[in-house]
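Novice: Position chains Y and X against the provided structure of chain P, taking the given hints into account.
Protein chains in written order, with the numbering used here: chain P, 1 to 234; chain Y, 235 to 706; chain X, 707 to 1184.
These aren't lab readings, by the way, just hints derived from the structure by calculation.
C-beta atoms are modelled at their ideal positions from N, C-alpha and C, and glycine is treated no differently.
Accuracy of the hints is not assured; some may be wrong.
[Stated by the list, open to error] Some chain X residues flagged as far from chain P (calculated, every beta-carbon gap over 12 angstroms):
#	residue
1	Arg764
2	Gln798
3	Phe936
4	Val1057
5	Ala1115
6	Arg1129
7	Ile1135
[As the list claims (entries may be wrong)] Calculated cross-link-like contacts (lysine to any residue; reagent style SDA-like; alpha-carbon spacing at most 25 angstroms):
#	chain 1	residue 1	chain 2	residue 2
8	Y	Lys339	X	Thr1014
9	Y	Lys299	X	Arg1045
10	X	Lys830	Y	Ile521
11	Y	Lys339	X	Ala800
12	Y	Lys287	X	Met707
13	P	Lys23	P	Asn6
14	Y	Lys636	X	Asp1011
15	Y	Lys624	X	Asp839
16	P	Lys135	Y	Gln388
17	P	Lys152	X	Gly881
18	P	Lys152	X	Met707
19	Y	Lys636	X	Thr1014
20	Y	Lys299	X	Leu1020
21	Y	Lys287	X	Ala1005
22	P	Lys152	P	Leu174
23	Y	Lys339	X	Gln798
24	Y	Lys287	X	Gly881
25	Y	Lys299	X	Phe749
26	X	Lys826	Y	Pro473
27	Y	Lys624	X	Thr1014
28	X	Lys769	Y	Asp532
29	X	Lys826	Y	Ser509
30	P	Lys152	X	Leu893
31	Y	Lys624	Y	Pro347
32	X	Lys830	Y	Arg344
33	P	Lys196	P	Ala35
34	P	Lys135	Y	Pro473
35	Y	Lys624	Y	Pro670
36	P	Lys109	X	Lys830
37	Y	Lys339	X	Thr1046
38	P	Lys135	X	Asp722
39	Y	Lys576	X	Asp839
40	Y	Lys339	X	Arg764
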Amino acid sequence: MLEAQNLSKTYSGTPALHPLSLKIEPGEVYCLLGANGAGKTTTINLFLNFIEPTSGTALVNGLDVVQQPLESKRRLAYIPEQVMLYRNLTGLENLEYFTALGSTETFSKGQLLAFLDEAGLPAGAAEKRVSTYSKGMRQKVGIAIASAKGAKALLLDEPTSGLDPKASNEFSALLKRLSDGGAAILMATHDLFRAKETGTRVGIMKHGRMMAELRTEEFGHADLERVYLEHMHD
Amino acid sequence: MLATIVRKEFTEMMRDGRFRSSAAITMALLLGAFALGWQHYSEVNAQHEAARKSTRQDWLHQGDKNPHSAAHYGVYAFKPKMPLSLVDHGVDPYVGVASWLEAHKQNEFRFKPAQDATAIQRLGEMTGATVLQLLIPMLIVLLTFPAFSSEREQGTLRQLLSLGVRPAQLAWGKALGIALALSVLLVPATLLGSAALALSADQGAMAASWPRAAIMALGYLAYFAFFVAISLAVSAVAPSSRFALVALLGVWIFNGLVVPKAVSDIARLLHPTPSAMEFARQIEHDIENGINGHDTTDQRAEELKQRLLKQYNVDSVEKLPVNFNGIRMQEGEEHGNDVFDKHYTALWQTFERQRQVHELAALAAPVLAVRSLSMSMAGTDFAQHAHFAKAAEEYRRVLNRKMNLEIAHHQKPDDSGFTRGEDFWATMPDFQYTAPDLAWILSRQRLSLALLAGWMVASLVAMAAAAGKMRV
Amino acid sequence: MLFNIIRNDWRNLRADRSLWIIGALLAVLIGYGVHNGGAWVRFQQDTLTQAAEEEAGRLTLIKTSIESANAGRANPPSWRDPRNPFAVGNTQAAHYVSMPPAPLAALAVGQSDLLPYYFKLSLKSRDTLLGNDEIENPVHLLSGRFDLAFVIIYLFPLLVLALSYNLISSEKEDGTLAMTLSQPVRLGTLAWGKAGFRALFILALSTLISLAGTLASGVNLSAAGASPRFLLWVAVVAAYGAFWFAAAVAVNALGRSSATNAIALAGLWLGFVLLIPALLNVTVKALHPVPSRVELIQAMRVASDDITRQRSQLMAKYLEDHPEFAAATDDSMAQYAIRTAAILDELDRRVQPVLATFDEQLTLQQAMVDRYRFLSPAILVQSALYDLAGTNLYRYRHFLHLTEQFHAAWRTHFEPLIARNVRLTPAHINSLPRFHFQEEPFQAVFTRTTAALAGLGLSALLAAALSAWWLRRYPVAA
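Pulled out of the complex, with its shape left as it was, chain P reads as follows:
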C-alpha cells in the first residue's frame, strides 16, 4: 500500500509538488500523467526518500519513509525509465546482488533464474553481461528484482518509454501479474494508451498539482485523451 498525506516539496521557494494526498491499495495500479516537470518524478522520489518532503508524509505499507527509511524500502521496488545495472556483471549477478541487499530471504541460483525466466528474459541471457542487453531486457531484470523481493509497493518512473510496442505489451502483462499478486503500483507515464490498459486509476498532474483523478473502467480511450488535453490547456 502507498499513501501520501499532504505531501509537498518546495525547491528554494519554488513549489515542485503542491500538497498531495493519495492512497493506492494493494492490487491497484495508479498511473500519474502529466507533462515534463509536472511533479511525477518528484512524487516518486519522495516515496523513495531520495528527497526530503517539505511537508506531509509518504507511507509505504503504513511506514513513514523518512522515519523508517530502511524498513519502508524493504517493502518497495523501483523501476526507473532506464533500469540501470552494473554493466560488467551478468543479469543473474545483478539480480543476486540487488535481492541480497533488498530481501531477507536468500535464494538459490535456480530460484533466481526462475525469477528471470518469469520476467521473460530470454533463456541464456541471464549469464551474459548486462552491457549486451537491450533496454527491454534490462526492464525485465528490474521486474525480476521486484518480484524476487516480493515487493508490496512498486514505483515505476516512465518504465515503458522507449520500448517497442511488443516489449511494452510484455511489460504491461508482467505488471498485471505483480498487481494481481497484491502489490500497490504507482507508475508515472506519458503513455495514455498504456495507462488506460494497465491502470486502475489515473491522476493528471500539472505544475506540481493534481488536476484530476479518474477510474479507468469509467471511460474509454478517447475520453482519457480529451480530459488530459483539457487539463493541459491553460
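Specialist: Just chains Y and X now, kept in the frame of chain P:
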C-alpha cells in the same frame, strides 16, 4: 571562422570561475617564485662578490712568506650567479658553493646549500621552474580536458559540425583560444619577471641575459603548446570527459614526477660513478706511484735530479743554477695535474654520459628537455658548473707554477729564509672568470631543443589527426 | 549487507580489470623503488667495508713498520715515523667513523644521498668533517631517487584516488545508485563498504609487496629494532591510504560529477604533496635563514690568519694551560705537534660560534617543520618514513654528535702520548680507540613517528567525519 572559434573559447574560459581562480593562484605562485628567486639571486651574488674581493685581499695581504707557503695559503673560488638563475635554480643547491685553490690538490666544491636544509626541500621547491614545468601544465590539463568531450556530452559538438566547421579547424581554434587565455596569465608574469631581471643585473650581465631569456621563454612556450595539443587530442578521442581527465593526469604525473626520478636511477645503473673513497684512493695511489703504476715519487725525484745534473752539466744539486726544490715541486705539481686530469676527466665523462641518458629520456618525457634547456639558459646546469670548476682549476695551476718557478729561479739552495711579499703576490693576476657564451651553451642543448620542437610538432599533428577522427 | 556490497564491488572491479592494472602497476613501482633503495644501501655498505679493510691494512702496515724501524731496517724521518704518536694520530692511523645504513634504509633514501655517512677522523681540525660528500651527479640529487618512500608519498595516493574518485559519482551517473538505494541500504553503508574494500585491497598489496621487497633487498627484519620500525612503517602507510580514501569519499559525498571529483582530488593532491611543502619550505627558510657557507669560509680564513699571526703567544698560552707538555718542548716534532694542537684548539674556539649558528638555525628550521608538518599528510608521511628508515636529519646529527665525542676521545688518547714523547709499539696500535655507532634511542624515533601517525589518523578521521556529514545531505535525485 577560426577567429570566431578562438573568440568563443577565450570568452568562455575567461567567464569560467575555475579558470579565473586557478589562474590567479598560479600567477601568484609564479610571481612569488620570481620574487624569491630575485631576492636569492641578489643576496647570493652580493655575498659572492664580497667574498671574491676578500679572498683577493687576503691573498695580497698574507704577509711575507715563502712562495710555497703562499701556494698552500691559496685563494677561494666562488661561482658567480647568472641573473636568470632567479627563474631556475637548477643544480645550484646541489653543488658546492666554493672551492679552495691550494697547492698540490684539486679540491672539490664544498658546501652544497641543500645540505643546510630540512628534508621537505626534497618534496618541492617554490621556484619559477617548478611553476613553469609542473603547475602550468597541470593548469592546462585541467582547463583543456573537457574541450571536446564535454561538447560531445552536451551535444553542442553535433551542432557545430552540422554547421560545416571542419574538426581540425575547431581544434586549432580551441588551441589558440586556450593559448590566448593563458597569455593573460603569462604575459604579465613575463613582464614582471623581466622587470625583476632588469633591476637585479648590471648592464653587462643584462646584455647577455636577454637572448637567453628569449630562448628560455620559447622553450617553455613549446612545452606549453605540447600540453595544450596533447590535452585537446586526448579530449577529442576520449570516450568521456572523465576518461580524458584521468588519462591526462596520468600523462602529467608520468612526465613530471615518474620519469625524472626513474631516469636518474637508470642513468646511475648504466654509468655508475665510483665512491668518493675509491676516487680519492685512486688519485692518491696514482700520485704516489705514477700514472703507469711503477714510478714512485722517490724514483721520479731521482730521475729529475739526474736529468737536471746532466742538462746543466754539474755533479751536485747545490751547483745547479736553479733551485732544485722549486723545480721538483713544479714537477710534482704537474704530475699531480696529470693524475687529477685523468680522474676528473673520467668522472666528468661519466656525468656527461649520465646527462646523455637524461637527454635521451626526453623522448619519454618532454619535461627533461625543457628542464635541461631552462637550466642551461639560467646558467645553473652542471655543464656550466664544470666550466667554472675547470677555470678555477686552471687558475690554481697557474698560481702554483708561478710560486714554484719563483723558488726555482730566485731561491738560493742555502737560503731557508727566502720570502716574497705583497709586491710579488700582486703580480699574480686576480681570478677573472668568463662565463661561456650562448653559442657554447646552445651547442650542448641541440638534442634537447630538437626533442622539444619534435614533441611540439608531434603533439600538434596528433591533435589535428585526433580531431579528424573524432566521434560525434 | 556490507559483505554483499563488498562482494558486488569486487565482482565489478574484477570484471573491469582496472584493479588488476592498478595492482600490477603498484607492484612494479614498489619493486623498482625497493630495488633502487637496496642498491644504494649496498653501495654504502660496500664502501664502509672497503674503508674498514683499507684501515686494517694500514694498521698492519704501521705495526710492521714499527718493528722494522725498531730493528733498524728502516730509518723514517720523524714526521713519518710510525713510532711517533703525532704522526700516527694525525695521519697514519686515521680512523673511519661511520654510520651504517639503518635496517630499513633501503625503503627510503631520504637525505642520505646528500649527507655524509662516514668520516676519516684524526687529530686534524673538526672542520675536516665539513666536506666529505659522496660523489653524485647533482642532476640526480635535484631529481631525487625513485625509492619506496617516493612511491608511497606521491604515487600511492594517486592510485588510491584512481580507484575511488568516482566511488559514488559513477554509480550516480550510471543510474545504479538509485537502483541500489531503492533497496534498504544506507548511502553511508554503500560508500564505506566500497571505499573500505578498495582500501583493504591496496593496503594488503602494499604491505605484502613492501614485505617481499624488503626481504628481497636484503633487509633483515630480525635485526635490532627492525620489526617495530617496519610495523610503524606499515601503520603510517595505512593511515596515509586511509586519509586519501576518506578524502575521496568526502569529495564524492558532495555529489558532483566524476570529472569534477577528479579535478578536486587532483587539486587536493597537488596542494598537499607539492604546494604546501614548497610553501612551508620557503617560509621556514625565510624565518630561520641558515647563513651562507661563504660567510663560514671567510670566518674560518680570518680566524686562521689571526692565529698564524699570534702563533708564539698562542703557544705560550697553550703551554700554560697544558703544563704536562712543557717537558716535551725540546723535541722539535713534539713541538710541532703541540703547536698544531694549540692552533686547532684556538681555531675550534673561534669557528665554533659560526658553526653553531648553522646548527641553531637548522635546528629551528627542523623544529618548525616538525610543528607545521601537520598541515599536510604528505609531510607527515615523509618525516615518519625518513625517520623509520634512519635517513633523516635527526640520525645524521646524532652521528655528528657521536663523531665529535669520538674526536675528543681520540685527542685525549693521543695528547698524553705526545706530551710524554712515547715511542709507540704494536701494542699501542692494537689498543687505539675504536668508534662504534650507537643507534639513536628507539624511544625518540617512536615519539616522533607516533606523533606523525596520530596526525595522519586525525586527518583521516576528520575527512571521514566530513564525508559522513556530507553524505547525509547527499542529493540522490538531483
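Novice: Taking the hints in turn, state whether each one holds.
Specialist: Now the hints, each set against the structure:
1. Arg764: holds, 69 angstroms
2. Gln798: holds, 74 angstroms
3. Phe936: holds, 37 angstroms
4. Val1057: Given that every Cβ of chain P is farther than 12 angstroms from that of valine 1057/X, nearest at about 70 angstroms, it holds.
5. Ala1115: Alanine 1115/X clear of chain P: closest Cβ-Cβ about 70 angstroms, beyond 12 angstroms.
6. Arg1129: The assertion about arginine 1129/X holds, with a minimum of 87 angstroms to chain P.
7. Ile1135: holds, 75 angstroms
8. Lys339/Y - Thr1014/X: Roughly 22 angstroms separates the two Cα atoms, so the pair holds.
9. Lys299/Y - Arg1045/X: Holds, at roughly 19 angstroms.
10. Lys830/X - Ile521/Y: Within the cut-off at roughly 22 angstroms; holds.
11. Lys339/Y - Ala800/X: holds, 19 angstroms
12. Lys287/Y - Met707/X: Distance ~78 angstroms between lysine 287/Y and methionine 707/X Cα, so the pair is violated.
13. Lys23/P - Asn6/P: holds, 11 angstroms
14. Lys636/Y - Asp1011/X: holds, 22 angstroms
15. Lys624/Y - Asp839/X: Holds - the C-alpha atoms of aspartate 839/X and lysine 624/Y are around 20 angstroms apart, at most 25 angstroms.
16. Lys135/P - Gln388/Y: holds, 22 angstroms
17. Lys152/P - Gly881/X: holds, 23 angstroms
18. Lys152/P - Met707/X: Holds, because 21 angstroms separates the two Cα atoms, which is no more than 25 angstroms.
19. Lys636/Y - Thr1014/X: Roughly 24 angstroms separates the two Cα atoms, so the pair holds.
20. Lys299/Y - Leu1020/X: holds, 20 angstroms
21. Lys287/Y - Ala1005/X: Judged against 25 angstroms, a Cα distance of about 14 angstroms means the pair holds.
22. Lys152/P - Leu174/P: OK: lysine 152/P and leucine 174/P at ~15 angstroms, within 25 angstroms.
23. Lys339/Y - Gln798/X: holds, 19 angstroms
24. Lys287/Y - Gly881/X: violated, 75 angstroms
25. Lys299/Y - Phe749/X: At roughly 45 angstroms apart (the allowed maximum being 25 angstroms), phenylalanine 749/X and lysine 299/Y break the hint.
26. Lys826/X - Pro473/Y: The hint is violated at about 62 angstroms.
27. Lys624/Y - Thr1014/X: violated, 31 angstroms
28. Lys769/X - Asp532/Y: holds, 23 angstroms
29. Lys826/X - Ser509/Y: holds, 14 angstroms
30. Lys152/P - Leu893/X: holds, 23 angstroms
31. Lys624/Y - Pro347/Y: holds, 21 angstroms
32. Lys830/X - Arg344/Y: holds, 18 angstroms
33. Lys196/P - Ala35/P: Roughly 17 angstroms between the alpha carbons, so the hint for lysine 196/P and alanine 35/P holds.
34. Lys135/P - Pro473/Y: At roughly 21 angstroms apart (the allowed maximum being 25 angstroms), proline 473/Y and lysine 135/P satisfy the hint.
35. Lys624/Y - Pro670/Y: holds, 12 angstroms
36. Lys109/P - Lys830/X: violated, 84 angstroms
37. Lys339/Y - Thr1046/X: holds, 21 angstroms
38. Lys135/P - Asp722/X: holds, 22 angstroms
39. Lys576/Y - Asp839/X: holds, 21 angstroms
40. Lys339/Y - Arg764/X: Between lysine 339/Y and arginine 764/X the Cα gap is close to 22 angstroms, so the pair holds against 25 angstroms.
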